[in-house]
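Chains as they are written, first to last, in the working numbering: chain A, 1 to 399; chain B, 1 to 252.
Hints are supplied without guarantee of correctness; some may be wrong.
Claimed, not checked - Below, simulated DSBU-like cross-link-like pairs (lysine-lysine); rule was C-alpha separation at most 30 Å, straight line:
| id | chain 1 | residue 1 | chain 2 | residue 2 |
| --- | --- | --- | --- | --- |
| 1 | B | K52 | A | K6 |
| 2 | B | K237 | B | K197 |
| 3 | A | K233 | B | K52 |
| 4 | B | K168 | B | K141 |
| 5 | A | K7 | B | K168 |
To be verified - Some chain A residues close to chain B (C-beta under 7 Å, calculated; not the full set):
| id | residue |
| --- | --- |
| 6 | R222 |
| 7 | S223 |
| 8 | P224 |
| 9 | F225 |
| 10 | M227 |
| 11 | A231 |
| 12 | Q237 |
| 13 | Y241 |
| 14 | T242 |
| 15 | L244 |
| 16 | N245 |
| 17 | A252 |
Think of the hints as simulated: they come from the structure by calculation, not from any bench.
Here the structure is a predicted model, which means the values were calculated and not measured.
C-beta atoms are modelled at their ideal positions from N, C-alpha and C, and glycine is treated no differently.
So you can see what is in the structure, the chains are spelled out below.
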Amino acid sequence: MMGLNKKDTSLFVVVIVLALLAPFFLNPFPTDSSMAQFNAGYPDLMQRFVIFGIFAVGFNILFGLTGYLSFGHAAFLGVGSYAAVWIFKLLTYNVLPAIMLSVIMAGIFALLIGYVSLRRSGIYFSILTLAFAQMSFALAYSVLSNPKFNLTNGETGLQVYANDPQWLHRDSLPDLPHLFGLSMRSTYEMTVGGWSFSFNTGYYLCAVILILTFYLSIRLFRSPFGMMLRAVKSNQQRMNYTGLNSRPYTLAAFVISGMYAGLAGGLLAAMDPLAGAERMQWTASGEVVLMTILGGAGTLIGPILGAGFIKYFENIFSKINDNILHQWFAFMPDGIEDFIVAVIHPFIGKGWHLTLGLMFMMVVIFLPGGLVEGGQRLARLLRRKKSDESPSADTKPAE
Amino acid sequence: MGILEIKNVGKRFGGLQALSDVNLSVQENSVHAIIGPNGAGKSTLLNCLVGKLIPDTGSVTFQGQSLLGRHPHEINQMGVARVFQTPEIFGDLDVMENVMIPCFARRDGSFRMHAFETVMNEKELVEKAEQILIDVNMIDKRHMHSASLSRGDKRRLEMAMCLVQEPKLLLLDEPTAGMARADTNNTIDLLKEIKEKRDITMAIIEHDMHVVFSLAERITVLAQGTPLVEETPENIKGHPKVREAYLGEAQV
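Can you build the whole structure from these sequences, using the hints too?
Structure below.
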């Protein structure tokens with residue numbers, strides 16, 4: 001289907017189904033049950049899942065295929081956000097031109113940074129990208145926000161004010177980011193029994209874009225271009241002695257992944273018309289590295305899983321507090337209950353980073369291929385069990 | 001005039017004069033071996049030919065065009081392929097992909113952004129790649145992960161990757177280093193076969209005299225960065241200067 005082989009097609013269909021039906025999948029618990037806090041199906045969070053999924057899918061094109069580890073991708077995310085908000089300020093609240101400009105700006109930015117950084121490889125490349133990203137952060141945070149030339153509005157963050165020109169804005173249009181009049185914030189709540197599901201316009205815009213960008217990434221992975229990028233990772237020396245110049249290949253991959261990041265940044269701004277410098281900080285760059293490695297670098301679906309996993313932790317795990325723990329362990333004798341809560345305490349709430357760090361360590365040590373490898377191992381185990389029961393079963397090795 | 005002309009090439013690394021005044025002419029469609037004891041400058045000379053090193057003095061011309069200052073990928077595009085001492089292949093890719101990459105490089109030059117095609121849809125290139133894998137006897141391994149091949153197979157694969165580009169000059173850097181005798185003989189047979197079937201010039205750097213004498217038509221002996229003798233294999237064997245370079249002054 002659409003130039004994909006059977007395996008990729010099924011993967012693509014899985015992603016389409018996951019993305020379109022996410023409001024159901026993410027709200028498995030009835031609204032007033034005690035498990036409702038594990039529901040992730042509210043618009044804000046769902047948007048984040050998908051936007052960071054796009055970010056990670058793009059990062060994976062660079063890191064997963066060429067092996068160049070960029071520590072500065074958040075810079076492109078930030079540039080995308082600022083570009084989008086400037087469109088909101090100057091032209092219109094329509095998200096389409098905003099997103100287009102963020103992709104273009106991030107692409108130009110990536111071309112400049114990539115051209116310089118890609119002269120080195122390995123750790124030097126990582127440090128160069130990190131340096132550029134921190135430079136961009138410093139520029140956005142202070143240098144470019146002086147009263148004479150206020151591009152980023154510094155600490156406060158760039159936002160739309162009532163006296164901004166918005167030349168193409170009409171009164172009939174919503175006073176919020178919209179797609180030809182359809183507000184990004186409009187949400188349709190569906191209640192079935194004890195469950196409620198929310199369908200948000202902004203989320204669906206992001207989901208459709210995720211599906212498109214995921215399709216693009218599959219095509220890239222399977223194309224001769226993708227093969228060349230894997231060759232860069234595998235053996236640059238042989239590549240050069242095969243008559244190929246690796247520099248334009250890596251630069252193209254860098255720009256493409258920068259544009260993905262810009263797209264993600266533009267979407268963040270489209271969901272919430274605000275762009276702050278902290279989006280460019282190195283922790284944000286580190287986060288996308290974590291997402292990609294956690295999910296499985298170099299695999300197609302890994303980055304999306306990784307992004308979902310981390311965002312879920314960040315938003316759901318961090319909300320569990322001691323009171324909730326006491327509720328859970330209320331059936332135990334008081335002393336033991338207090339003890340268990342005290343033991344778990346550092347790992348929840350604000351301590352969710354600790355849990356995430358431990359899980360990340362476990363994944364890197366035991367599943368170097370990330371969550372995807374975990375899934376594959378599980379599938380293989382199940383298949384083996386099955387084939388033990390019925391020796392005639394198909395035991396074709398995975399790929 | 002030969003296909004490859006090396007004139008007065010010198011290269012210095014700090015205090016070490018690795019090459020001095022090297023003159024060498026490789027004739028078209030011949031097999032030219034460069035031998036010499038360790039540290040004679042063989043590998044340095046090869047690196048000067050492929051663009052990895054730039055000689056301090058002298059000139060290197062291939063088919064009348066200077067190779068100096070060109071990048072390795074440009075030199076390869078001119079028709080010079082290189083086989084390394086330890087096989088350099090794309091270990092993360094499978095055998096077929098390993099051969100497809102040089103096919104693309106030959107057809108599309110050093111960079112082309114074909115991001116929306118599918119590798120295996122390029123029928124012509126796939127045919128070409130399969131043919132070369134048949135030639136080197138590896139077609140049944142085409143779906144194997146290339147890192148898991150045996151050393152001999154890796155060498156074959158590397159040769160296939162070079163040959164599929166139909167180079168005019170093939171440079172071989174100790175193609176049998178660290179190989180068992182059987183693998184060495186296989187490699188010799190493979191090289192002989194290649195030589196018979198194709199219009200190709202080969203320059204071989206080699207330690208193993210068995211390989212050299214089975215293949216070479218001309219032999220240049222390099223010692224301490226300068227060529228001592230250039231002769232046919234028959235004349236090299238008993239040459240006093242060669243004995244001296246290899247065994248030292250003492251008579252054995």
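May I ask you to test the interface hint for T242(A) with respect to chain B, counting a Cβ-Cβ separation under 7 Å as satisfied? Where the cut-off is 7 Å and the nearest Cβ of chain B is about 5 Å from T242(A), the hint holds.
Restraint outcome when F225(A) is required to lie within 7 Å of chain B by C-beta distance: Given a least distance of 4 Å, the restraint on F225(A) holds.
Should the hint that Y241(A) touches chain B count as held when the rule is a Cβ pair under 7 Å? 5 Å, holds
Taken at face value, is the distance from the CA of K141(B) to the CA of K168(B) at most 30 Å? 27 Å, holds
Hint check: 7 Å Cβ-Cβ cutoff, P224(A) to chain B: 5 Å, holds
Are N245(A) and chain B close enough, Cβ to Cβ, to be under 7 Å, as the hint says? 4 Å, holds
With a cut-off of 7 Å on the beta carbons, see whether A231(A) makes it to chain B. 5 Å, holds
Against the 30 Å threshold, does the CA-CA distance of K233(A) and K52(B) hold or violate the hint? At roughly 20 Å apart (the allowed maximum being 30 Å), K52(B) and K233(A) satisfy the hint.
Cut-off 7 Å, beta-carbon criterion: hint that M227(A) touches chain B: This interface hint holds because 5 Å falls under the 7 Å limit.
Is the Cα-Cα distance between K237(B) and K197(B) 30 Å or less? 28 Å, holds
Any CB of chain B closer than 7 Å to the CB of A252(A)? Holds: closest Cβ of chain B sits about 6 Å from A252(A), inside 7 Å.
Is the interface hint for R222(A) satisfied, with its Cβ closer than 7 Å to some Cβ of chain B? With Cβ-Cβ at 6 Å, under 7 Å, it holds.
The earlier numbered hints that this structure contradicts are 1, 5.
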